[in-house]
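4 protein chains.
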Amino acid sequence: MDIGFVGLGEMGSAIAANLLRAGHRVRVWNRSPEKAAPLVAQGAQLAATIEDAFAGDLVLSMLADDAAVRGVFDAGLLEQAPRGLIHVNMATISVALAERLAHAHAERGLHYVAAPVLGRPNVAALGQLTIVAAGPAEAIDRVQPAFDVIGKKTWRLGSLPQHANAVKLAANFSIASAIETMGEAAAMLVGHGVAVSDYIDVITNSILPGPVYQGYGTMIAERRYEPAMFKARLGLKDVRLALEAADAVSVPMPVGSVLRDNLIDAIAHGDGERDFAVLGEVAARRSGR
Amino acid sequence: MDIGFVGLGEMGSAIAANLLRAGHRVRVWNRSPEKAAPLVAQGAQLAATIEDAFAGDLVLSMLADDAAVRGVFDAGLLEQAPRGLIHVNMATISVALAERLAHAHAERGLHYVAAPVLGRPNVAALGQLTIVAAGPAEAIDRVQPAFDVIGKKTWRLGSLPQHANAVKLAANFSIASAIETMGEAAAMLVGHGVAVSDYIDVITNSILPGPVYQGYGTMIAERRYEPAMFKARLGLKDVRLALEAADAVSVPMPVGSVLRDNLIDAIAHGDGERDFAVLGEVAARRSGR
Amino acid sequence: MDIGFVGLGEMGSAIAANLLRAGHRVRVWNRSPEKAAPLVAQGAQLAATIEDAFAGDLVLSMLADDAAVRGVFDAGLLEQAPRGLIHVNMATISVALAERLAHAHAERGLHYVAAPVLGRPNVAALGQLTIVAAGPAEAIDRVQPAFDVIGKKTWRLGSLPQHANAVKLAANFSIASAIETMGEAAAMLVGHGVAVSDYIDVITNSILPGPVYQGYGTMIAERRYEPAMFKARLGLKDVRLALEAADAVSVPMPVGSVLRDNLIDAIAHGDGERDFAVLGEVAARRSGR
Amino acid sequence: MDIGFVGLGEMGSAIAANLLRAGHRVRVWNRSPEKAAPLVAQGAQLAATIEDAFAGDLVLSMLADDAAVRGVFDAGLLEQAPRGLIHVNMATISVALAERLAHAHAERGLHYVAAPVLGRPNVAALGQLTIVAAGPAEAIDRVQPAFDVIGKKTWRLGSLPQHANAVKLAANFSIASAIETMGEAAAMLVGHGVAVSDYIDVITNSILPGPVYQGYGTMIAERRYEPAMFKARLGLKDVRLALEAADAVSVPMPVGSVLRDNLIDAIAHGDGERDFAVLGEVAARRSGR
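Chains as they are written, first to last, in the UniProt record's numbering: chain F, 1 to 289; chain E, 1 to 289; chain U, 1 to 289; chain Y, 1 to 289.
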């Protein structure tokens, strides 16, 4: 396929590289163009403008946050895009913005698919992401070959794009809560002289297996938060989005509130650029250790 | 081995049955003796008194809670037990009580091992429990053959029995938090018209696999909390014990506090005997759904 | 003085009436003009456009919220205002918007004073408001005679207008917390069969006197939330603004988070238009009563 | 009257001194007898044993906490007390213990009045305490002359002694919440460069007057927590009792949970002996200031 790709951060670059490797024609664009160089070296075409990227069969975008997405789309990009183009937005954005974008695309005869992904850059590099997709069924059908290159599994959540974003935010909220929970438990155990790694070993080998408890749990046990696989600052962004989505439909999320408070505490202590697991440090610090 | 077994609730009965099946001689005792009948039918001897059960090579106890344990041991049971006896306490009790029992046993020349287990009665019946053991190494070595019959894996956490209880409480706290988290996320998703089962499917097949997210998540998605595998009332008991253990070493556990508040809310609404997953109903109710 | 007045809700109308009564010339404007009729009957001039109101010596504005304020000022109003005009913004708006407005006014040679008030419409009608003012000292000096008509006391908090908004938000947060606290205490007391009015009587006549504990406490004791003196929906708005102001400077506010959660719970149960004291109903409902 | 007085801490000594000054005959007893010396110098009789103090018309007790109260009464004191004696327990104890003591007294033909007080030692010294009394009406009638010497006002809350304790705990919870609220607001204001004293001045002179906001607010504004008028450690004790009373009747108290978490944080940082206002320091520390 002839694919435009917008947003070449760590995740975006890893995904675009996989598309190239699979033989797709990929036109790449990034706000700071130097990030495109490695992909161009792998055969990508450099789009001179974002409008050039927004053409062909399909455009994938992986921008940082709501502000970045609005910055691109509020500038009139959609007016110039060719009718019938499919835009797959892989960014973790707010439910409200996803809904607004879906309408804006539909009004202009464009197809909008939300396809946020689960997995960090190393998983993206292996083409093993979990893709959570929602939008018009025919559009997703046409995009599926690209998804198969990027991820190991595509979950299809119906025709309303924002539903995929809501599930993605619920998933990230779940990760945040698991981290906080391990952090609190670890602080309690340290207080009693128990090795935190024992607790992590026990739960990850029995009732709570998987990469979240394993990966973040190890960081908490070792009190080592660098290199950051996923930054606390970005974790706070996603927790805020989950709370906002809940507020919009009058749902209290008390654990979400604790996460927000504690991530703000982490930021206040200069830990925003450290790994999300640094929530463990908040718990340790509050217990005077 | 010649094994005494005290406490024949669902868990205790399943464990004792496996010991019998493996060819051990088992003397059983329960406060209400009718619970012993099925085991006697399987070959167990009925101990006339708890003192009779507290004899032989080894005694396993699986009593309901701190009050039940204190009820038995504060009545002078240890004075009459034969020196050298190993007592393995599998109950989920407080860290403070475990520490007190360890001292009381040591003073009387008895060996005390804490060995709380992870897994519900159906897992116990299969002999697939995860055993978290701590206490004198030689005592655990001698008990290991019995553990091998009961569980699929024994984690050894050192020589201080209460450390095993602290890890068990941390594990149950982690389960409670996972349930609450799914409940809050579910309420948010329902508010946006998303099927909760989609969220559960996505996370359990990717980042958060395993029996906790799978089992409780399904109950929350279906809003079905009976039959209760583990009752909310007992979940609150364990959350209280975790908070108490944390308080004893000056550790705030804000997610623990949310869990306590919400489990009290569940109890207040008559849901104490329903499954622990009923935390999902608290979140739903608070959002007016 | 020749005073423009923008925003004729309950508070604004009561304030404008006092200015008229004191002999000032008042030009009034409101988005829905029928609200101006009673004031015109009392001698106010009706401004045909908001630009007509933004003239003279001084303009007071009392708009509903950030959206209403932005709606007016982002439409270019300041470009047309006469240089040297003093604008006193009495609305409870965000710290961030106050700071932005201060800059926008200064850039155009206009004087911006933030002067949010403490007190409900009945207090406003009596000219007994507490005024919390910040901005250029000379501007406040010139406005003081108008303040003396409106309020019983003006607190001057320095030259940065947003400081007044921050204190106003802190004050409203304090009120919200006092209400929530009484609600929780009341639920506990009801559980023990104690008359809530006894508790309210004891604290308001000793350690916690004053209109907040007295007024809201009586509503909670009587479980009567209508007529609404200050609506729960507006209370949530202000709590959100306090949390936002705290987030902007990396300050966790855990009680603020509880207030937000519980006010969302109130909204979810259809109580947004009832009095702020309806937080007491959230606590009662959570305890099953 | 012939009055026994048990428990000569700061509060007890101040109260007993007032009774002496009013001409009552007072027999004093304290676990560490040297505390009795100043009162003996003022005319009190030293009771050789606590049994000697538990005689006469009336005994007032002001012990530290549940453990101290149980320590005295579980030792058989009531068996030896003369039938018809009135015991007025002024300590802040749990609702559950109050209820148990009421029964124990009644069984032995003794009259039990709960009369916890509001006010710190300096208020006690002035005879200006607020007394919250509950118990048999005739007993309170007979004690009233002593209450009139001790306090400025006696609130009578009916015939069940534990009701007075529930209200006392609700009052102390309300104080704790007011302190926490000011602490959080102060941290937010400091973040924006606002003087905390401005906020305290505004609220205490308008919507939230009285000694709690004034006294603790000043300490928070000055970040000065010594000398401790009421220690954080004791504040945590009372918050725990309020939560326990609520738990007993299935009432969630989410602000109570925040208070508990934050007071534990204070204790963890070595601030247990500083003033209750040190909650403000927890908020400041969490914001990195």
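Among the hints, erroneous ones may be present.
Since copy identity is lost for identical chains, a pair holds within one copy or between any two.
Think about it this way: if two alpha-carbon atoms lie no more than 25 Å apart in a straight line, the pair counts; the simulated DMTMM-like pairs of lysine to aspartate or glutamate are [to be verified]:
1. K237 with E99
2. K152 with D201
3. K237 with E51
4. K152 with E34
5. K153 with D201
6. K153 with E226
7. K35 with D141
8. K152 with E51
None of these hints come from the bench; they were simulated from the model.
inquiry  = Reference check for the pair K35 and D141, CA-CA at most 25 Å: within, between, both, or neither?
reply    = neither (30 Å within a copy, 56 Å between copies)
task = Have a look at K152 and E51 and pick one of within, between, both or neither, based on CA distance no larger than 25 Å.
result = neither (30 Å within a copy, 59 Å between copies)
query = Between copies, within a copy, both or neither: which fits K153 and D201 at Cα up to 25 Å?
reply = Between copies, since 12 Å is at most 25 Å while 28 Å is not.
key: Intra- versus inter-copy proximity for E99 and K237 (alpha-carbon distance at most 25 Å)   = both (19 Å within a copy, 23 Å between copies)
query = Is the C-alpha distance from K152 to D201 at most 25 Å within one copy, between copies, in both cases, or in neither?
reply = between (27 Å within a copy, 15 Å between copies)
inquiry  = Cα distance capped at 25 Å. Does K152 pair with E34 within a copy, between copies, both, or neither?
reply    = Answer is neither: 30 Å inside a copy and 54 Å across each miss the 25 Å cutoff.
task = Up to 25 Å between alpha-carbons, please classify K153 paired with E226: within, between, both or neither.
result = neither (29 Å within a copy, 32 Å between copies)
K237 and E51: within-copy, between-copy, both or neither at 25 Å Cα = Close neither inside one copy (28 Å) nor across copies (40 Å); limit 25 Å.
Checked against the numbered hints above, the structure violates hints 3, 4, 6, 7 and 8; every other hint is satisfied.
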